[in-house]
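Please model the complete structure; the sequences and the hints are all you need to start from.
Protein chains in written order, with my numbering: chain A, 1 to 325; chain B, 326 to 717.
One or more of the hints may lead you astray.
Listed next, with one range per pair, are the computed distances between beta-carbon atoms [stated by the list, open to error]:
#, chain 1, residue 1, chain 2, residue 2, range
1, A, 30, B, 335, 24 to 34 Å
2, A, 183, B, 707, 55 to 65 Å
3, A, 186, B, 335, 56 to 66 Å
Derived list of chain B stretches under chain A, where covered just means 3 residues or more per stretch with a C-beta under 8 Å from a C-beta of chain A [to be verified]:
#, segment
4, 418 to 426
5, 459 to 467
For the record, the hints were derived by calculation from the structure and aren't laboratory data. Beta carbons: idealized from backbone N, C-alpha and C, even for Gly.
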Amino acid sequence: MAKINMLQAINDALSTALETDDKSVLFGEDVGHFGGVFRATSGLLEKFGNERCFNTPLTEQGIAGFANGLASNGMTAIAEIQFADYIFPAIDQIINETAKFRYRSGNEFNVGGVTFRTPYGGGIAGGHYHSQSPEAYFTQTAGLKVVVPRNAYQAKGLLLASIRDNNPVIFFEPKRLYRANVGEVPDEDYEIELGKAEVVTEGTDITLLAWGAQMEIIENAADMAAKKGISCEVIDLRTLAPWDMDTVAASVKKTGRLLINHEAPFTGGFAGEIAATIQEECFLHLESPISRVCGLDTPYPLIHEKEYMPDALKTFEAIKASVNF
Amino acid sequence: MSNATSDNDTVHRVSFLNKGSVNIPILRVLQADGTVYEEAVLPAIDEALAHRIYDTCVFTRVLDERMLGAQRQGRISFYMTCTGEEASIIGSTASLDDEDVILAQYREHAAIRYRGFTTEQFMNQLFSNEEDLGKGRQMPIHYGSAELNYQTISSPLATQIPQATGVGYSFKMQGKRNIAICYFGEGAASEGDFHAGLNMAAVLNSPTIFFCRNNGYAISTPTTEQFAGNGIASRGPGYGMHTIRVDGNDMLAVLAATQQARAYAVENNKPVLIEAMTYRLGAHSSSDDPSGYRSKDEEAKWQQHDPVKRFKLWMINKGWLTEKQDIEMYDKYRKEVLKELKLAEKRPLCMLDTLIEDVYDTPTPRLKQQLKSLKKHIKKYPDSYPNSKGRL
Numbered sequence: 001m002a003k004i005n006m007l008q009a010i011n012d013a014l015s016t017a018l019e020t021d022d023k024s025v026l027f028g029e030d031v032g033h034f035g036g037v038f039r040a041t042s043g044l045l046e047k048f049g050n051e052r053c054f055n056t057p058l059t060e061q062g063i064a065g066f067a068n069g070l071a072s073n074g075m076t077a078i079a080e081i082q083f084a085d086y087i088f089p090a091i092d093q094i095i096n097e098t099a100k101f102r103y104r105s106g107n108e109f110n111v112g113g114v115t116f117r118t119p120y121g122g123g124i125a126g127g128h129y130h131s132q133s134p135e136a137y138f139t140q141t142a143g144l145k146v147v148v149p150r151n152a153y154q155a156k157g158l159l160l161a162s163i164r165d166n167n168p169v170i171f172f173e174p175k176r177l178y179r180a181n182v183g184e185v186p187d188e189d190y191e192i193e194l195g196k197a198e199v200v201t202e203g204t205d206i207t208l209l210a211w212g213a214q215m216e217i218i219e220n221a222a223d224m225a226a227k228k229g230i231s232c233e234v235i236d237l238r239t240l241a242p243w244d245m246d247t248v249a250a251s252v253k254k255t256g257r258l259l260i261n262h263e264a265p266f267t268g269g270f271a272g273e274i275a276a277t278i279q280e281e282c283f284l285h286l287e288s289p290i291s292r293v294c295g296l297d298t299p300y301p302l303i304h305e306k307e308y309m310p311d312a313l314k315t316f317e318a319i320k321a322s323v324n325f
Numbered sequence: 326m327s328n329a330t331s332d333n334d335t336v337h338r339v340s341f342l343n344k345g346s347v348n349i350p351i352l353r354v355l356q357a358d359g360t361v362y363e364e365a366v367l368p369a370i371d372e373a374l375a376h377r378i379y380d381t382c383v384f385t386r387v388l389d390e391r392m393l394g395a396q397r398q399g400r401i402s403f404y405m406t407c408t409g410e411e412a413s414i415i416g417s418t419a420s421l422d423d424e425d426v427i428l429a430q431y432r433e434h435a436a437i438r439y440r441g442f443t444t445e446q447f448m449n450q451l452f453s454n455e456e457d458l459g460k461g462r463q464m465p466i467h468y469g470s471a472e473l474n475y476q477t478i479s480s481p482l483a484t485q486i487p488q489a490t491g492v493g494y495s496f497k498m499q500g501k502r503n504i505a506i507c508y509f510g511e512g513a514a515s516e517g518d519f520h521a522g523l524n525m526a527a528v529l530n531s532p533t534i535f536f537c538r539n540n541g542y543a544i545s546t547p548t549t550e551q552f553a554g555n556g557i558a559s560r561g562p563g564y565g566m567h568t569i570r571v572d573g574n575d576m577l578a579v580l581a582a583t584q585q586a587r588a589y590a591v592e593n594n595k596p597v598l599i600e601a602m603t604y605r606l607g608a609h610s611s612s613d614d615p616s617g618y619r620s621k622d623e624e625a626k627w628q629q630h631d632p633v634k635r636f637k638l639w640m641i642n643k644g645w646l647t648e649k650q651d652i653e654m655y656d657k658y659r660k661e662v663l664k665e666l667k668l669a670e671k672r673p674l675c676m677l678d679t680l681i682e683d684v685y686d687t688p689t690p691r692l693k694q695q696l697k698s699l700k701k702h703i704k705k706y707p708d709s710y711p712n713s714k715g716r717l
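Okay, here's the thing in structure tokens:
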């Protein structure tokens, strides 16, 4: 098994998807000869031709609308939005069209073949237009699946599952990890089931929950806590919509405590939804209030990026506060 | 062309283009009295096609008249007519292959009728009953049928335009000699989706016809407040797209333009823009009163350009139709619409289970849980939920 980085794993998944499905088409801004600004689509135009892998004009709403049209007529559309920060011009197409195509037509038409891939998140000195984590906006829209991988292995398996899922998926790629995360990734075609969380480390005192790039942060915090004799159960949510309540609730019933960490701002973030649900499911098992370690309610900053981030140290402090409540 | 200019493109004194620089002719075939202009070239049309077109015209007129009345009586919540625009819609649809996909805005029910949507299907949608293909999820007039290749209407304006580019491209990828046709009004052409869709179609070579019904008004906003240039057609060459402007009240002109546009799109895998100059004789919708923003004189002037009457006169001139047959057709459809309306009104609504269907391909555990708890609640307070209580 080769050790490759997350971008190579994504490239491998895209190549596999195009190889195994004649009806699949890959497109977006600069994804053609250039191979994408992060090089996720390198070599794919050469391999599959410019009818199946091509540049589009600079129009996110156009890309999303075009993807909907392709999928509504039986194709598999894999669209890249160059940065998640730039998904907002496409939001009407995604929320009013992609998400509702099947429902509004009584399943006369659907765009289950659509997948939007988009790099998200901070930690790259990108300021507020190259660092946002807009996942919560999409989790409120019925009809969409929202998926975030945390490493190279997941990126390939989850992306293939997303492309082949019979529902539209928004696939957020943690760009901070694109090259930083290197791991063993099988050459063969494989999928990781959507809608299932993964218990990464078992523990007894508190459940730590995150997704994508923040998994590294809560794992570091768990190591810090272990040195203080606190045993953390670490869970990767992987799919935010629909999310795996059962796995999280089972863990919280065991540990009695929950901490949720995400990079997006605190207010209206997805942690709020999880916290509300878990207090309903696990009320009598909770030993302390559910804790949220998130970004601040500011636009994503440039020079104070380090201060803004819900980092391991902030998480460690929140773990101690929860355990000593 | 690229951004580089040759010496031939160069001038040495400031010279601006303006809307007067763009001269766009308008295609007319049929005169008001039903005779054809001497130099005009007729589209491909025989007696059977003429009858299918005229039949759709008559049905649509009757449907619009009766259903607007039904809305006024409070029997349905909303309605939109296409009165005055029948030639634009039917003339274009009649130029297509039945496998070509139609992406309409909302005022093009004549197109789905032309494809074979039955009177009963219309009524089921308008009354949102359990036979509605859309399972009662959208307002009246949001028709759609996979069988008839007519994509379900979406209320947000212009969203269908870039989608049509995608549908057209999918036909090219699938090696099928089909196209997508996309209808929209001149108001929708102000949305970003219009630019996105046309630009992508031209750049990516998508066989798609963009059909603009320039009907004079976007709800209450006249074209003078909608765009400053020479209509919508002037934009076509800007996108590098084949473009034509037609008299949208002239069935034969629309038919001729769309037949040739389709042939070009299929042969070359390229888009075409058609601007049909027409007039919305009715209100924008049943919620609108046009007397507040336009004069009776203006409407009366356009009544004289009635597209259905003009086409009828042509058919009578050809000996393909008589006044007596015409009256019988109207009579037949009035009876049929009334009969189907009464039947549809009595059909029950969809079962509550359909509430959570089609959100995803299969309902999520959370949705199932929500439905279960909703049913429990309705059972406890059945009289507060009269539509569902007996059908859980």
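* Provide an ascending list of the numbers of those earlier hints which the structure does not satisfy. => Hint 4 is the one this structure does not satisfy, whereas the remaining hints hold.
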